[in-house]
Amino acid sequence: MRYSIFSVLREALRGQSGWTPVWREPTPKPRYEIVIVGGGGHGLATAYYLAKEHGIRDVAVIERSWLGSGSVGRNTTIVRSNYMLDGNVPFYETSLKLWEVLEREINYNAMVSQRGVLNLWHDEGQRDACLRRGTAMRLHGVDATWLEREDVRRMAPFLDFEHARFPILGGLLQPRGGTVRHDAVAWGYARAADALGVDLIQECEVTAIRRDGDRVTGVETTRGAIECGKLGLCAAGDSSRLAAMAGLRLPVETHVLQAYVTEGLKPFLDQVITFGGGHFYFSQSDKGGIVFGGAIDGYNSYARRGGLPMLTEVMREAASLCPPLSRARVLRSWGGAMDMSMDGSPIISKTPLPNLYLNAGWCIGGFKATPASGFAFAHTIARDEPHAINAPYRLDRFRDGATIDESGSGASPWLQ
Amino acid sequence: MRLTCPHCGERPHDEFAYRGDATLRRPDPAAPADPEAEHSFVYLRDNPVAGHREHWLHAFGCRTLLVVTRDPATHAIRSIELAAP
Ligand SMILES: Cc1cc2nc3c(=O)[nH]c(=O)nc-3n(C[C@H](O)[C@H](O)[C@H](O)COP(=O)(O)OP(=O)(O)OC[C@H]3O[C@@H](n4cnc5c(N)ncnc54)[C@H](O)[C@@H]3O)c2cc1C
Ligand SMILES: [Zn+2]
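Residue numbers (our numbering), protein chains in the order written: chain A, 21 to 436; chain B, 1400 to 1484.
In isolation and in its complexed conformation, chain A is listed as follows (with noise of 0.2 Å):
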């Protein structure tokens, strides 16, 4: 069914009796050509690509729990392209011009709003970092604007400009930087994808990979066995056990980041904006809650719930920066598990078993990158070859030295 003001209308006077289910609900076949492992948002992607950019539409996503339980509903949704290294800046830009035409492509609206990703700056070094980066973004095409303190005062006047450790001094914008509704984007990817003719293949857990010599047979599930021609991993938090099922280890450790939202507030946050005197960042939703996260907990962690002194710790950030939140009462926290990745980058890679192919490392940031991961991910595995936007993401950058290592952490994960 395609969605338009008159499909809405139209259910609006038949007591919304005519929808339809979004996607189907089939049994596993015994074999598909591609099989991907991960109902996130890149798993969803990638099938989505694979069938419109390359007309291999006898594929499935295989998906533990329901579609989108992982990160992809558990993020705080912002996208934004303001990098500053060669191999993050034209593959981010990237996605983020695929998001700006994603919902007329896929028919779903998934709430894409270009409300300005602000960067803070509180210190001279804070302040040349800035300016480095914002160049290195406009060398690159993509858009950054330099903000005196005074312009952000305009923006922001309830933050606290005058703090004694960490006093606000400008900013650098990306006016096209903001946010993305989430669960949208794994609803809208999958319907799409579905229509297309993809399998979803919902509780269903990969427990064992088939293999025949070098090459992956096949995946064992709580389903059944299913076999494939290529397999590609997108398993998010779970990369390395995944691997681990093809006798690969990778330069992957998984971690905890927390997210919190307040009550409905009324509108008065119109950015997404970043403190620069520690990990703290905040936006405001459609419904007036008060969307924000810090860092990762620091400590290895699969659990997918973070603990008090982190969240003491971002509690403390956020009133530390805008000080009216300390009154704002917190009404959820919850966490998701990253794959955090030894230089903070991702990998959308072939593997060094033929036929499979890996899709890991997201870190912190990867639903922002979720159109081009799956656009690039589905050319690698159709063409066997990278697309020219991921070819610095190949998993063995690690092994020749070409790491791409934004924030300077080297191989310690829990730094970043």
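Calculated directly from the structure, the hints in this document are not laboratory data. Ideal placement from N, C-alpha and C gives every residue a C-beta, glycine not left out. Certain hints may be false.
Taking CB as the label site, the calculated pair distances span [to be verified]: (1) Gly1460/B - Asp290/A: 39 to 47 Å; (2) Arg1401/B - Gly38/A: 50 to 58 Å; (3) Ser1478/B - Ser432/A: 17 to 25 Å; (4) Val42/A - Ala1432/B: 52 to 60 Å; (5) Thr242/A - Pro1428/B: 42 to 50 Å.
Fit chain B with the ligands to the known structure of chain A by using the hints.
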């Protein structure tokens, strides 16, 4: 999560600084260069769901380096030993 330091007793984990996987062994610097072994030491991790051996430094306590064996899925602590007994 609370960690029991052999010197200081049970303490909240934010007194400790995390130092990552404790099973990694630096290849012998005197041995002939082995890029595969270096790559594996610096970058590759087992990243297990259970029984992760990891270093924690009691930074705001006795400043001893500990080896904690913990289940990253549940945070159950299996053992805590001194890294250098
Ligand atoms: C609190 C939080 C805030 C974040 N904020 C942002 C943000 O603002 N901006 C941003 O860009 N990114 C953000 N991220 C990161 C982003 O959410 C992730 O990088 C991204 O969602 C990961 O890709 P995915 O959507 O494919 O993962 P997921 O949705 O986690 O998909 C992986 C899927 O694989 C499935 N799976 C795992 N193992 C198996 C198996 N054995 N068999 C079958 N299925 C399996 C899982 O059930 C899961 O559904 C945030 C993450 C968190 C947790
Ligand atoms: Zn101690």
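Cross-check of the supplied hints:
no. : hint                             : in the structure
1   : Gly1460/B - Asp290/A: 39 to 47 Å : 45 Å, holds
2   : Arg1401/B - Gly38/A: 50 to 58 Å  : 56 Å, holds
3   : Ser1478/B - Ser432/A: 17 to 25 Å : 24 Å, holds
4   : Val42/A - Ala1432/B: 52 to 60 Å  : 56 Å, holds
5   : Thr242/A - Pro1428/B: 42 to 50 Å : 47 Å, holds
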